[in-house]
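**Q** Protein chains in written order, with numbering that gives the first Met the number 0: chain S, 0 to 498; chain E, 0 to 498.
It is worth saying that the hints were derived from the structure and are not from the lab.
Please note: incorrect hints may appear among the correct ones.
Chain copies aren't distinguished; within one or between two, either way the pair holds.
Result set (DSS-like, lysine-lysine): computed pairs, CA atoms no more than 30 Å apart in a straight line [stated by the list, open to error]: (1) Lys6 <-> Lys52; (2) Lys227 <-> Lys337; (3) Lys491 <-> Lys227.
Residues per chain are reported as follows:
2 protein chains.
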Amino acid sequence: MKLRELKVRLAEVFDLNMANDLLSWDQSTYMPPGGAAARGRQLATIGKLAHQKATDAEVGALLDDLRPYEQSLPADADDAALIRVARRGYEQLACVPADLIGAIYAHSAASYDAWGRARPANDFAAVRPYLERTLELRRRLANCFPGYQHIADPLIDMSDYGMRAESVRAIFAELRAELVPLAQAICAQPLADDACLRQGFPEAQQLAFGERIIRSFGYDFSRGRQDKTRHPFMTKFSLGDVRITTRVCEDDLSDALFSTLHESGHAMYEQGIDLSFEGTPLASGTSAGVHESQSRLWENLVGRSRRMWQHFYPQLQAEFPAQLGAVSLDTFYRAINKVQRSLIRTDADEVTYNLHVMLRFDLELALLEGRLEVKDLPEAWNTRYLADLGVAPPNDSAGVMQDVHWYSGGIGGAFQGYTLGNILSAQFYATARAAHPEIDAEISQGRFDTLHAWLRENIYRHGSKFTTDELVQRVTGGPLSSAPYMAYLRTKYGELYQL
Amino acid sequence: MKLRELKVRLAEVFDLNMANDLLSWDQSTYMPPGGAAARGRQLATIGKLAHQKATDAEVGALLDDLRPYEQSLPADADDAALIRVARRGYEQLACVPADLIGAIYAHSAASYDAWGRARPANDFAAVRPYLERTLELRRRLANCFPGYQHIADPLIDMSDYGMRAESVRAIFAELRAELVPLAQAICAQPLADDACLRQGFPEAQQLAFGERIIRSFGYDFSRGRQDKTRHPFMTKFSLGDVRITTRVCEDDLSDALFSTLHESGHAMYEQGIDLSFEGTPLASGTSAGVHESQSRLWENLVGRSRRMWQHFYPQLQAEFPAQLGAVSLDTFYRAINKVQRSLIRTDADEVTYNLHVMLRFDLELALLEGRLEVKDLPEAWNTRYLADLGVAPPNDSAGVMQDVHWYSGGIGGAFQGYTLGNILSAQFYATARAAHPEIDAEISQGRFDTLHAWLRENIYRHGSKFTTDELVQRVTGGPLSSAPYMAYLRTKYGELYQL
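Produce the entire structure from the sequences given, and follow the hints as far as they go.
**A** The structure is reproduced here in structure tokens:
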């Protein structure tokens, strides 16, 4: 009875959050420019209401009343998990004043809008005041949780529960020690030739081909759709409506294709959550890191494998005979796995990608600590790119303004999940292939049933029931480890670059 | 100070309602089928919250406190109108229990979804229980306002403030007495030939041409957009974001074209509202009837005039040379003004259109009174179509299931506005042309500035500041009258059919 009451209240919060996500999706896909000002206010209004409802004292009282019931259940019972995760969310949100939530929503929308205009104009000065205000708001948000070791800890915890600046730094340092020499060894070799990807590929055909692949992966279009945006993302309005977006460059085949595979991984995770969790805090992926592991698994471990393209490449050639008819599978495979020092994170190869992430993470910490000021951010960015990637951004659009995250209100906690996801993707994938060695052969025939079913059974359906640590332990039998990821990179790129 | 407090509360309600309108727009345009169940719940959640916020006792107290200030102002001061219209809305909503509002929202979404599936399948049995529930909910809603003369009165009042079943019946009877003989006289003549409209017209070209016309009307695409739906409509998420939808038949040029002109009329009304009204109850058209007068004015009085096509027809021929190159302007003009006994309201010509509306209005009243049961509705519909229009629907899809209104929760008050709008469109247009005789010549040159500016100045900018009666009096110097409308029909169709 009390549980039912709690679920009614949680569903109300869920619905408000989903309405806000629709307001955001619309803002990025179809909203005309004139809608921007009111949209910011609307996001703030609904966000504040959702926050009020989520932190209502009645919710706290219900969670207290439910403690004996929760303790009478096994820890992995659905109801126990629901109460536990709801309490965690309640305790977190209750620390944040509603006004701050409203200010964050309103500012994020305004900042996103300003970035949308400033980026094509390469105008960092136009977004600088927004970024300064974002930083101020994020500091205020972090300071709602006194007692942290590092000011970024509460922000990291919101997206990757259980992680802290120190633990992320330790994981990153370990990975970096192995990654930098590998990247250097590869970059000393001649560059792969990816000219085959840089031809004219009409938009409609690109979209149709990407959708054909993700349909075979198991993305369910009756419970989703794909639209175009400036910056690809996945969003969800219920477990029956999980959408993805992409952007298309008609002179680059890889941009839309791999973003589609990537976002489909996020979306299949959400589509696979136990339907009985609908309307509760369990009905979403458990952390940024685990979410990213699912997108990277499909984008890279499956989507950039020679195996998968053994099946799909002849179809791709048939779709684009003039462009690819004379290009061999081997050339194509090398092209989509070209490693190089590059400027843009979302275009980066698997080997250097994490260097893009780590520098953003370090810059975020520096901003939050106050060691770095927003006005000095472009220079710090450029210096670090030269040091880590060996390239200097020609302008801020291709530099510090390339990613949406900081410009939609998310300084701190926005980036570590990408690298945690890479690490986890290899760990999960190795476990799946060990349990089902037939997965490799199936993929070379364009079949993904066994892999999808394994992910659904072991990861997707649980939603937020288990924390990242619990899930990794449960699925792989051990803690998070970058060893499978490094082994994967060494094998794949050792072969590709004859190291 | 109190006024500012009131405005903050009104803006919150406005934002919730706009979020709900976005949920509805998305439901009709892009939502995948899997999203339907949760969408109904979300609409209900937000609708209930908007209702709670709108009927908060604090709002009532503020409205009381503001009475002296209101009375100190001239009646046509913006602030006085704002307080007056807000009070009217508050008093109306406060009579309706929040649970009923929630039930109506949830049921409307479910019913709309069922209709979407049942209509193509021609399955009235599938929607019958939804319609019965709708009728029950509408009766409960009407009964929140005891003391009415007719059970439909409170429902009519919600869309056409100040109107009642009796007053509408009187207006309709007067119009009908003149309209029926005119329709009969025309239908005794040979049918116009509209074969030129029933050729192959590719969708993208149709959409682009319609958009070209409404851009010249003055519809502002930087504050709006057009998408495709089953049933065309206009919706608004703020005064800076007023959208329209259409549907396209590739073998019928007139369907999308005139629905686009129609919806642009609704949208220009909303886009033209004084921006200082944003976020208040003044920021929307004042009634269904006045709204429809604006859509019909652009669709029919302008959009089906020989004058306008003198300018646009050569462009249309250039767009579709194979289809229209050999068709004269006169033939085209006769085709788009073909009068005939027909089945579908939205396709009906100007002369018979109101007969479609009047029979729906009568059936609504019969349902609400209990004189007619839902199970007998298809038969009553078909009988009345045969009597009034001389045609018998071959099935329910082309009959009782053709319009969305009853199937999205709106039995009672849904239809009278269409005919009131026709009447008003001619009354307003005659006034505009009398004030600015140059309008005719401008239109024949594809220019609409003077007309648009007059409408903005006299109608659009006021939003809901004046009631229908006040506005008609203010603009035309007299009360609502069907004389200009009948004069318009007689002149136009007398010439076309040589009566």
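**Q** Now look at each hint and say whether the structure bears it out.
**A** Hints versus structure:
In this assembly of identical chains, the alpha carbons of Lys6 and Lys52 lie at most 30 Å apart whether taken from the same copy (12 Å) or from different copies (22 Å). In the homo-oligomer, the alpha carbons of Lys227 and Lys337 lie at most 30 Å apart inside one protomer (26 Å), although the nearest pairing across protomers, at 41 Å, exceeds that limit. For a Cα distance limit of 30 Å, the shortest separation of Lys491 from Lys227 qualifies neither inside one copy, at 32 Å, nor across copies, at 47 Å.
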